[in-house]
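Q: So you can see what is in the structure, the chains are spelled out below.
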Amino acid sequence: MAIPFKVVGAGNGSTAQNVYKITFSQALSSPPVYKAWDNSQTFPARDVSGTTTSHEIFTGTTANGNKPMLSLVATTSSAPSSNWKPASATSGSANPNRLKGSLSYVTDPTTPGAGESIRFNMCLEAPYDATVPSTSSMNFMIAITYTYTGSAPTVTWYANEGSESSPVWTSLTPGTHGIKFCNASAVANDTTTHKLTLPLSGTIDDGCQIVTT
Amino acid sequence: MFIVHLPDGQTLTETSGITWDKIPDGIDILEIVTFGGETITLPQCESYFFSNEAQSFLPLTDYIPKPNSLITAKIIGGIIGDKALYIRIDTQGHIQIEWKNKKDLPFANFVYKKSCQH
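Residue numbers (this note's numbering), protein chains in the order written: chain A, 13 to 225; chain B, 2 to 119.
To be clear, the hints were calculated from the coordinates, so they are not data collected in a lab. Predicted, not measured: the structure shown is a model, and the values here were computed from it. Using N, Cα and C, we set each Cβ at its ideal position, and we do this for glycine too. Fair warning: there could be bad hints in the mix.
[Claimed, not checked] Derived coverage of chain B by chain A (criterion: at least 3 residues anywhere in the stretch with Cβ under 8 Å from a Cβ of chain A; other residues may be distant):
(1) 32-41
(2) 46-54
[Said to hold, decoys possible] If the Cβ cut is set under 8 Å, some of the chain B residues that face chain A in the computed set are:
(3) Ser57
(4) Phe58
(5) Ile76
(6) Ile80
(7) Gly82
(8) Ile98
(9) Phe108
(10) Ala109
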């Protein structure tokens, strides 16, 4: 297959371990940390560093109790249970957690050696009163923070377009591809379907995640 | 960048291309030069640690930019008993100095280099 494609096993209802992967070409010296920040740039640009969490995806809305909307679970060591999305953010590090800058984040349970990888899954929970259109309110980025003592590692992000038992890891090409949180009915090669429809009440989780151009 | 002084008078610096994983045990004096050019000399410790901190970003619901890594900080420090002097020097000019419990440090064992005093 080729881009665009639906990421296999992505989202909260999944117990998959092989969804997203980050590979480090050199050994790290501590477990890497996932954090999420505002992105104030319009694609394909992005901020050079993450410093703020003022967008609605982090501040939440009245309907969701002002919680961060993005959840992440590290799956490097084990598969998550179904419905792994936590009800609330945990201050500091927890796995899984709702991400909001340095206030709440996820630490991978491993310290990768040269050529090794970490794996994770994500979920976006949108409340019915989220701002539409969400062009800037949902404009954000996740950052992997890592440390090393030797040569600087090359970091490569992947998504799985195969299956859980036989993953096919496709690298995300810089400046060309992106990930969209969409309805389950979205069709990978039909960009007009790449949208997430808000519910009339309560919240909704993304139905699929699509790597697209 | 770090500057390591060994008991035999040899000086090993990060700017000369030496990485921390090539530093031997038996450090006499350890110094760090901040991004602003100031040199900080660490006190005598039983062992020392150092790591570069970097970040790679993945924008979501948008395009993915170049995933090239960005060095964000130098982390250096020393161990005294069960405590650690932890210094984080970021590229914005901030210097964070903390006393931490050694057990709370995230680093793998190979990061620690013994002092020549111990």
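Q: Now, for every hint given, state plainly whether the structure supports it.
A: We went through each hint and held it up to the structure:
no.	hint	verdict
1	32-41	violated (count 0)
2	46-54	holds (count 4)
3	Ser57	4 Å, holds
4	Phe58	5 Å, holds
5	Ile76	6 Å, holds
6	Ile80	15 Å, violated
7	Gly82	21 Å, violated
8	Ile98	18 Å, violated
9	Phe108	5 Å, holds
10	Ala109	5 Å, holds
The structure does not agree with the numbered hints 1, 6, 7 and 8 stated previously, though it agrees with the rest.
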